[in-house]
Amino acid sequence: MPVLTYREAIRHALAEELERDSSVVVLGEEVGQFNGAYKVTEGLLAKFGPKRIVDTPISEAGFIGLGVGASMLGIRPVMELMFWSFYSVAFDQILNNAANVRYMSGGLINCPIVIRGPANGGTNVGATHSHTPENVLANHPGVKVVVPSTAADAKGLLKSAIRDNDPVFFLENTLLYGEKGEVPEGEHVVPLGLADVKRAGTDLTIVTYGRSVLHSLAAAEILQRDHGASVEVVDLRTIRPLDLDTVLASVAKTHRVLIVEEQKPFASVGSQLAYMIQREAFDELDAPIHRLATVDAPAIYSPPVEVEQLPNPSRVLKAALEALA
Amino acid sequence: MTKKTNASADKKADASVTPTSTSASAPINQRLGKEERIELYRTMLRIRRFEERSLRAYQAKKIGGFLHLYIGQEAVAVGCCSLMGPNDHVITAYRDHGHAIAVGMGLNELMAELFGKATGCSKGKGGSMHYFAPDRNYWGGHGIVGGQIPLGTGLAYAVKYKGLKGAAMAFMGDGAVNQGAVHEAYNLASLWQLPVIFVIENNGYSMGTSQQRSSAGDLAKRAEGYNMSWGTCNGHDVYDVRAVMDRFLRQAREESKPAIIEIRTYRYRGHSVADPDNTYRAKAEIEEYRRTKDPIQVFQHQLLSEGVLTEADAAQIDQAARTEADAAADFAEASPFPTPDDIQKDVYWEADHPAERKSQGRLFFN
Ligand SMILES: Cc1ncc(C[n+]2csc(CCOP(=O)(O)OP(=O)(O)O)c2C)c(N)n1
Ligand SMILES: [Mg+2]
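Which chain is which? The protein sequence lines are A and B, in order. Here the first sequence stands for residues 1 to 325, numbered as in the working numbering. Here the second sequence stands for residues 326 to 691, numbered as in the working numbering.
Just so you know, the hints here were simulated from the structure itself, not pulled from any lab data. Only a predicted model underlies this, so the values are computations on that prediction, with no experimental measurement involved. The beta carbon of each residue, even a glycine, is placed where N, CA and C say it ideally should be.
Pair ranges (Cβ atoms, derived):
no.	chain 1	residue 1	chain 2	residue 2	range
1	A	Thr-128	B	Ala-385	50 to 58 Å
2	A	Ala-127	B	Arg-616	53 to 61 Å
3	B	Ser-535	A	Asp-296	42 to 50 Å
4	A	Tyr-275	B	Glu-658	36 to 44 Å
5	B	Arg-461	A	Met-1	46 to 54 Å
6	B	Phe-690	A	Arg-225	36 to 44 Å
Construct the complete structure from the given sequences, taking the supplied hints into account.
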């Protein structure tokens with residue numbers, strides 16, 4: 001199987017969908033001539049030309065709203081946010097217009113838009129550039145939220161997202177763009193809403209997504225080696241729709257749960273999950289559900305301390321040992 | 326049974342202060358046949374009678390939430406929408422009943438939506454501020470001031486992307502022009518030469534704030550900063566609306582050029598029916614507009630002087646509009662409400678098309 005970076009995998013998904021469907025168009029700041037702020041769209045302008053790969057001014061409310069309007073008329077815009085953190089200036093367009101227009105029109109209007117870009121901390125860019133809004137987005141019925149952790153998932157999920165008839169918000173990670181992984185050749189499509197067991201185990205289920213999957217897998221190796229504990233890592237991949245069945249099947253096997261997320265803990269994805277797991281699998285649990293989240297404060301700049309604010313392998317290890325105790 | 330429409334007849338416009346339209350001779354109006362002229366008149370009256378009827382239903386507590394009436398502004402929506410070709414599109418804010426009727430939506434589905442009924446145009450899910458009819462190129466009905474303007478720009482983008490000759494008319498109020506998203510849309514429209522006309526319906530007030538107290542400078546002239554063309558017109562005169570809009574619509578369709586048009590108009594009722602309308606303007610001001618500039622009376626006077634309409638025709642058209650509005654209220658009253666089971670329909674395309682669903686997992690969290 002070919003090995004691609006997460007960045008290349010996303011680029012391939014874009015290129016294949018641009019090729020397949022002439023209504024797909026990529027718009028965003030620096031996506032064209034500059035080849036992408038994070039080089040995700042590198043080469044696409046040369047290949048597809050300026051009608052399909054469109055550089056926008058720094059005008060998120062304007063160009064995302066434009067994309068929403070175009071999608072109502074059947075265009076399939078894939079909008080790049082240079083950082084998902086900038087969603088706040090386009091909040092009304094994303095979460096009033098894209099999320100609500102189907103409902104308010106009684107199902108007459110669809111909004112097949114994809115908004116994609118990185119949403120992560122860990123790059124020392126401070127609080128304004130480190131938001132992880134998957135919980136905020138997923139709080140809005142009508143939208144879909146995807147957070148891929150690997151190159152293969154990034155490619156397969158983005159292709160599904162572009163073909164989807166509902167608005168899909170696709171949250172990448174600048175620290176994953178360079179990560180390599182095997183990506184199946186040819187048409188590789190991963191359905192939204194299907195979790196993936198990234199590591200099988202019997203003693204503890206770690207439910208996680210995004211870059212925290214990597215930390216959890218690293219911690220699981222140490223737990224196996226040093227503590228003889230067998231940890232299962234469930235990668236949600238999609239936040240909404242949510243594959244609770246895979247999570248519950250794992251809980252029925254391990255009877256212990258740790259949720260790991262790069263999220264502030266208050267009203268996070270993890271809090272929703274914890275509620276659902278206890279509600280559906282109370283009798284399966286041998287211990288309270290444990291959670292590890294970002295330390296509850298705006299993102300700190302100080303590089304060594306930011307590492308400790310976010311989930312990392314040693315924090316996951318510590319939390320896992322508590323959950324196993 | 327709901328109350329019947331027998332609102333006091335509109336005050337007759339004073340003939341001495343309603344000179345015949347200076348835009349009657351514009352080619353786009355010259356070309357109109359007798360029936361088409363009468364149709365413009367009829368549509369304005371149907372909007373007014375519909376809204377008067379809805380107001381009484383509101384007072385009878387048949388309608389919830391906000392109700393923003395368009396009374397006084399009818400010539401704007403009717404004039405603009407009468408120019409629509411097959412690839413032209415309309416989007417507006419929450420004061421959206423007039424545009425809905427002007428694009429041809431039926432009074433029954435519109436009234437039923439106000440009543441929150443399943444037979445409403447949005448199945449009772451949108452309400453007064455959120456009317457839509459994509460089959461008539463009518464894209465709403467939007468509740469956030471200025472929020473629809475980027476969408477309208479996107480409609481124009483889609484028209485251009487598809488290589489069609491059409492234009493989008495994106496309507497907003499005079500209070501919306503200070504929203505950031507509106508300016509972002511202006512810039513994109515000009516930068517990318519999109520066929521969108523930004524139509525400012527300047528009724529003088531945003532809620533209780535007069536234009537003078539909210540906006541610096543001329544509203545449409547801001548187009549110059551974006552290198553766009555602009556114009557103004559008299560929104561009390563449906564012929565003038567058509568004459569001016571036709572020019573800019575042509576330019577949009579044929580040369581893919583955007584523009585900003587300020588249409589001067591006036592609303593006779595409060596901002597919404599919850600507005601007691603006694604703090605920010607004088608009753609005499611409203612009376613003066615009604616007496617001298619009412620778009621329906623002005624146009625009636627025009628058509629009478631053209632010999633296109635007789636007093637008897639006008640009375641007959643009015644009676645038919647009242648009857649139609651009453652029937653719409655009866656229809657709405659007799660229609661069923663949606664059920665709690667309907668709450669989670671029309672949220673996701675995929676949830677509503679289970680046979681075609683490709684994703685898995687839970688979409689809803691109850
Ligand atoms: C973003 C936003 N701010 C405030 C409001 C509340 N609001 C609704 S309508 C309105 C006045 C808008 O006036 P204008 O744009 O002139 O339109 P008109 O009501 O005159 O048609 C206000 C303040 C809103 N709906 N959206
Ligand atoms: Mg106004």
